Amino acid sequence: MDERTGWSRAQPWVSLLVRLGLAGIFLVAGGLKVTDLAANGRAVNAYQIMSYDAAMVVGAIQPFVEIVVGLLLLVGLATRLAAWLSAGMMVAFIAGISSAWARGLNIDCGCFSKGGQLPPGVTPNYLPEIFRDVAFLAMAIFLIIYPVSRFSLDARLDRPFSAGLPADDDVLEEESESSEHTAPRRERA
Amino acid sequence: MSSRKDQNAAARMVRDQIAKEQRRKRTMWISIAAVSALVIAGLIGWGIYAGSKTTDYTAPRGANAAGNGIVTGSGPVVVDEYVDYLCPHCKSFHDEAAASIAQLAADGKITLVTHPVAYLDGASTNRYSTRSSAAAGCAAEYGKFTEFSDVLFDNQPAEGGAGPTDDDLIVLGRQAGLGDDFAQCVRDKRFLTWTNHVSEEAGRAGVTGTPTVLVNGKPTQASAAQIAAAVAAAGGATPSAS
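Protein sequences appear in the order of chains A and B.
So that you can map any letter, position 154 of the first sequence is 153 in numbering that gives the first Met the number 0, and since no number is skipped, the others follow by simple counting.
So that you can map any letter, position 13 of the second sequence is 12 in numbering that gives the first Met the number 0, and since no number is skipped, the others follow by simple counting.
Chain A extracted, bound-state conformation (with noise of 0.2 angstroms):
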C-alpha cells in the first residue's frame, strides 16, 4: 500500500525527468543537423536506403521534426503523441543502423553529428550506438505509459475546466452529505 502511493507520488515527477532528458536529445539532435540541411541529406544517404533525392528530402525534413517533438516534449503539450512520435523514429533509426551494420556499410550513424562515410581504417561504432537509441526508446516507451508529469502545459490545460468551478461544488456536495450522517456515499454509487 504504501509503496503504491510513494510510487504514484513519484511517478509525475520521474515523468517529468524523463519528459525534459528525451526533449534535450531531440533538440540537440535536430539542432546540431538543422544548420546544413544538405550534409545530413548526405548523412541519410550514406545509409543507402532509399534513392539519392529522396535522402535529400528526408535529411531536411527530420531536423525539423526532432526540434518540433523536443519543443513539445519540452512544454509537456500533447506528451503522449511526442512520446509515440519519440519512439517511432528511435525504431526507425535503430532499424536504419542494424541494416547498415548488417550489410556492412562503414558509416558513422550521423545521429548527433554530420554522419557519413568512415575514413578506411576507422570502425564504426554501431553496437553502442544502438545501445544509446534502445536506451532512449525506453524513455519514449515509460512516456507513453505514464504521460503525466508536473510542470507539463497538458496538466496546466487540465486544470481550469474540470477542475476549476465542479471541484468547489463537489465540496459543498461532500459537506451537505456528510452532515446527514448516512453511508459513505461511495459505497453507494
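Read the hints as simulated data drawn from the structure, not as lab findings.
Treat the numbers as computed from the prediction; the structure is a model and nothing was measured.
Where hints are given, some of them may not hold.
Label-pair restraints from in silico Cβ distances [claimed, not checked]:
#	chain 1	residue 1	chain 2	residue 2	range
1	A	ARG149	B	ARG203	56 to 62 angstroms
2	A	LEU104	B	GLN21	28 to 34 angstroms
3	B	ARG203	A	SER98	18 to 24 angstroms
4	B	LEU42	A	VAL90	21 to 27 angstroms
5	A	VAL74	B	LYS19	21 to 27 angstroms
6	A	VAL121	B	ARG203	41 to 47 angstroms
7	A	ARG102	B	GLN220	17 to 23 angstroms
8	B	ARG25	A	ILE143	30 to 36 angstroms
Note that CB positions come from ideal geometry on N, CA and C, so glycine has one too.
Add chain B to chain A, keeping to what the hints say.
Below, chain B without anything else, positioned relative to chain A:
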C-alpha cells in the same frame, strides 16, 4: 432525502460525462495542433531544400564534360579527388600527395579531376566551403586552379570560426598570380551555383565525406603511395622501382 442524494449522484454523473467529453475534445485539439506544428516544420525543411536545389549553372573553363570537376592532365587513368578547402584531412592529404599526383598528371599517366565540394558549410560561420569553392571556379576560369588550391590549403582556416572573406580570397588569389578579372568574378559570385552543382553531383555519386579519392571509379585511400599503386594497377603497368 434519498431522492436528493440520487439527484446529486445523477448531477455528478452528468458533470463527469461533460468533463470527460471536454477532456476528449481538448486532447483532440491539442493533438491536431501538435500534428499541424510537425507538418509545418516538415514543410519548412522541404521548402528550404527545394529552394536550395541547383537549377542553372555555368561550369568554369577547364571543367570536365559533366561540369562537376576541374581537369588536370590527360592520361588514361582517371583519378577523381573530392576535397573541401575547409577539411583538415584534405589539407594533410594535399600536403602529402598533391606533388606526386601532379607529377602523375604531368607524366601523362592520369587525368586528374578535382571536385571542390562544399560539404562543411556548417563548420564555418560564413560559408567558407562554398565561397572558397566558387572562388576556385574563378581561378579555373582564369587558368590558375592548381596554384589557387595550393594557396587555399596553405592558408586553411580552423574549423568552427569565420573563414577568409571574399576580399581575403581575392588577396590569396593575387598570391596565386590571379588578377582583377578574378577579383571581379569572386565579387560577382559567378560560380556559386556551379559549387552547388559540384556538391550535389558528388552526393549523388555517393561521396559522403572528404577527402574521397577514386581511381578509375574505385575508392582508394587518400595517400600518395596508395594512389600510385592503384594507378599502376589500373594502367596495367608495374610501379617503377625509381
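Hints, one by one, checked against the model:
In this structure the supplied range 56 to 62 angstroms is violated for ARG149/A paired with ARG203/B, their Cβ-Cβ distance being about 49 angstroms. Restraint check, LEU104/A to GLN21/B: a C-beta distance of roughly 51 angstroms breaks the suggested window 28 to 34 angstroms. Our hint of 18 to 24 angstroms for ARG203/B and SER98/A holds, since their Cβ atoms are close to 21 angstroms apart. Between LEU42/B and VAL90/A the beta carbon distance is about 24 angstroms. The supplied range of 21 to 27 angstroms therefore holds.
In this structure the hint that VAL74/A and LYS19/B lie 21 to 27 angstroms apart at CB holds, the actual value being about 25 angstroms. Taking 41 to 47 angstroms as the suggested C-beta distance range, the pair VAL121/A and ARG203/B does not conform, at roughly 24 angstroms. Between ARG102/A and GLN220/B, the C-beta spacing of about 21 angstroms keeps the proposed range 17 to 23 angstroms intact. The hint said 30 to 36 angstroms for the Cβ distance between ARG25/B and ILE143/A, and at roughly 19 angstroms that hint is violated.
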